[in-house]
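**Student:** Chains as they are written, first to last, in this note's numbering: chain H, 82 to 399; chain L, 304 to 815; chain V, 9 to 312.
Everything labelled a hint here was simulated from the structure, so no lab data went into it.
You may find that some hints are simply not true.
Claimed, not checked - Residues on chain L that point at chain V, a partial pick, calculated with CB under 10 Å:
#1 LEU348
#2 MET373
#3 ALA576
#4 PHE583
#5 LYS605
#6 GLN607
#7 ASN702
Just so it is clear, the structure is predicted and the values come from calculations on it, not from any experiment.
Glycine is no exception: its CB is placed at the ideal position from the N, C-alpha and C atoms.
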Amino acid sequence: MSTPTMDADDVSNAAKRKVSVLTKLNHYKWLYLMLIPGIAYFAVFKYAPMYGITIAFQDYLPFLGYSGSPWVGFKHFQALFSGPDFPRIMGNTLILAALHVLITFPAPIIVALLLNELRIEWVKRAVQSSIYIPHFLGWTIVASLTFLLFGLDPGPITKVASSLLGHQVDFLADPAWFRPLIILQSLWKGTGWGTIIYLAALTGVDPNLYEAARIDGASRWRQMWHITLPAIRSTVVVMAILLAGNLLDTGFEQIYLMTNSLNRSVADVFDTYVYIMGITQGAFSYSTAVGLFKAAIGIVLIFGANWLARKFGQSGLF
Amino acid sequence: MISRRTLLGSGAALGAASALAACSKNSSSSTSGGLDTLTIMAPVLTGQTPAADGKLQKAIEDFSGKKLAMTWVPNSDYGNKTNVILAGSELPELMVIQGKTPTFVRSAQAGAFWDLTGRLEQYPNLKPVDTTAAAVKNATINGKLFGVPRLRDPMRTGVILRKDWLAKLGLSMPKSTDDLYGIVKAFSERDPDGNGQKDTYGLIIPKWPGGYGTASPYDVFETWFGAPNAWGERSGKLVPGFDTPEYLQADQFLKKWVDEKLINPDFATLDSAKWNDPFFNGKGGVIVDVTSRGQVIGNLFKQQHPSNYMDYVAMTGNLTGPSGKLYAYPTIGYAGFISVSRQSIKTEAQLDQVLQFLDKMSSKEGQILENNGISGLNFTPDGTYSVAIKGGDADVVTNDTQSFAQIGTNTNGFMGYTAKPATPAEQAFYEDRLKFQAADFKSAVQNPANALVSDTYTAKGAQLDQIIADARLKYIAGQLSLDQYQAEIKRWHTEGGDQVISEMNDLYAKYK
Amino acid sequence: MRPPIPAITAPVTRRKLNHYGSAGSRVFDTLNVVLLIMLGLLTILPFIFVIAGSFAHDAEISQRGFFLWPEAATLETYRFVFSTPVFPRALAITIGVTVVGTLVQVLMTFLMAYPLSRRALPGRNMILNLVIFTMVFSGGMIPTFLVVRDLGLIDTYFALFLPLAINPFYLIIVKNFFQELPEELQESARIDGATEVGVFWRIILPLSKPILATFALFYAVGIWNDYMSPLLYINDSTKWTLQMFVRQVTISAEALGNLDPNYVPPAQSLKFAVIVVATLPILMFYPFLQKHFTKGMLIGSVKG
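Using the sequences and the hints given, assemble the complete structure.
**Tutor:** Shown next as structure tokens:
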């Protein structure tokens, strides 16, 4: 606009805009009302404690509190990055993360699809009821079972593997078997539970669609491609983006239980490293620093993955 | 090295004073001079916590003259709970601290707890005696004592063997490490279970979660050979154990055992929860660990051999090494402290009251209440033993003693009763154990570094210890040559160990 | 005249048979069944081992390794577990807290997800960003504890589900689900004069049964398995939940050997029994919900 002065139109436009903001808010007032408990929750229980992040820059001692503990700036980060083990730890964590992305993440999707294709109801119900049981068993039990089955002495699986491979296999001590065992454990424990969310998404599919496709002569494969997969696509995308945010989380307990002197070179990841450092230094500041580092990467990855998803036409997290 | 208690166990066991949170409004009347009620936080080992109006708590309150407001915290996560309590502003007056963790040390040095150096001697039942002096010394931090130590057995190392195998092969109990070598060789080669197959071995070692100096069988053997117990004085200076020739000799000795297949092949990975299984299943015949394991193993045989299960387990104490001299591997002698919060207990007068309470509970009657219960109600005394009374109330009181024993200190020596062993065979086994434990204690090799806390060690200790433990295991497993092993030990030095050594020596000079 | 019914149905049936009759399809189906049955076995057998172990003597557990049926069964362990008044009490407490807590958490999550599913809502993106931020950044155990304490929630059962009332992951997934529901339904309801709350209650929620069931399950399991919250926020031991016991029995055994030389670690069978008792109730929740995972929830609700 090149008119130097305000004319009647501008005034009424401005007034209209102002009014429209208010009417908008009023229009949605019930929605905002519904948001109040949730926002209150996040404010109180998530954001109010956020100042705790600052201990990454202190030598925090609970007794001295946040105001009393000494400030050390980036000392912990320096210790983390300059430690001689850092490249190895980073490498191990990344490799495990990659394996999780490639194997543990798709597994529940595949199983959910397979279950969906199953026509025999009783088998379907039976399998569905049992595959999620491992989720409830803590890692200590999973580790005990692993030692029992893959152990050197009476381990049944070890016996079979050794005879198949022609030489004695030491699953628990051999660094080469560490990652496969971890992935196997994660698959066993998590796949069943993971299918739940995908199966729930699949319930939204109208069976008539399959019927219609069949009448049109579509094969099973094409039905899956055109009906089933699109139905869970958005769920898969969201789960993938959320996974990106926690990529560097390998889980402490599982790895710690499987680590020993002989496989430590491949087993050490951030979470176990923090534990060992934490015992001596007093956990808090150092582990918060590492957590901050992981979170920073996580945030970048989440928004990156989200952007990628939108490029491919998915709605992503928004 | 760092106290093994701080490394073994789940979670970071941190300790410091804290009090019950909002729970007890009628808690510490710390403003007024009189302390009628004491707030105490303690770990509970079992699932059942004592009821506040339970018979045992009443009895203890009557005896001590103080009411107790107990907060019982599950032992498995005591450390986490301690941290949050510390961060809060209401701390319990008395708090069990499970170990000398850096957080505790820093908190104590920052003024969280009363310094009790020299005060124990002023109370008749808190004063250390001959058998407890070493433990109390171990509990100090660079000369200061930040709580009343909770005393435990000072000597618990033992060698447990399959008695039936010894009998079958006509072998006698070992006295030296060479004797033990002969035994494990016989167990591995001479078919001790008589099944015609060569399917047995000698020593059973599990995966060891701790680093160097954490009472692993390796540490025990090294001490037997004359190496220091983690740290020792050589030519007037403190040196770490692995810098001595005896240390390497012990490891070479064990490596020979592995090479000759005298140790379980999965010694690097065997789940320690299953340590007893090979022994019980007749795969291995020797365990080197704490003496309390002996009876536990004996009990495993009860189901299949109800009348003579103790015929399967034999136990002896520390062995002499190649030098012929007995070097016994002791415990640090205490399991944490009971610390007094400076925030809740503000004056010397109040501190005196608190210490008087602990003093009273450390008298013979107090110890009996805490450890055994109420005579006539849940047990009857029988010499030095207590015989349990079963049923209803008695069981509750017996269960409660397990919890109240946690607030016992026993710095004047343990004066309670021990549960009477179930059978004469068990009793003989137990009394034998007491004998050799007492004898071994006279030759105990203490770790002078137990009383010292070095800053660099606090910052890097666990990591450094891990280098040694990993290298030692790899060497014994045959994955490292002796030269490579020594190179790893060198790495300990260059990655911070040298600084630890110099700090330790400074502290040693000051607080010897 | 009525059309010949057989004629209408026959072609369809025939085509059905033809379709399922295709060789590749049958092979796939067979393989699928076999594979899934194997998967089912792989996941249930270890749990059967745990159950079997809880009925066995420790000696047998030491000797036999992996087994599915104890040779010499005993009820001793379970008798011990239930002999103490604390265990049933903890069970009751845990069930109560889980039921109430799940209701609260599900309600709060769905209530917040619905407005956020409306793209036109001003401020929506900002709120979503703030939610996503909390998925990776967190203040930590101690500051959260201090907040709970300052709210006076220590030693209350509220502390066992309020601090974790809304899981940001779940919130996002539920929101996305709402976004995918057909607009027409909501539009027609609004045209008919329903308020937002009305639309939410009468239209959206009934359509969300599978999602409701899913997240009721997730939240319930979350509360049931949570040991951190009771540990940090409950001081009164009469208010302990089941997980406190499970951890005590299964984990503390190792640590305790050094603290008390005369301490006898809990029997292996006790560890198993505790796991069984602590897991079975929540395990049974899922089959209970399964009937909500039926297909075609949307049939009949959308015209054309």
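**Student:** Does each hint hold? Answer for all of them.
**Tutor:** How the hints compare with the structure:
no., hint, result
1, LEU348, "holds, 6 Å"
2, MET373, "holds, 8 Å"
3, ALA576, "holds, 7 Å"
4, PHE583, "holds, 5 Å"
5, LYS605, "holds, 8 Å"
6, GLN607, "holds, 6 Å"
7, ASN702, "holds, 8 Å"
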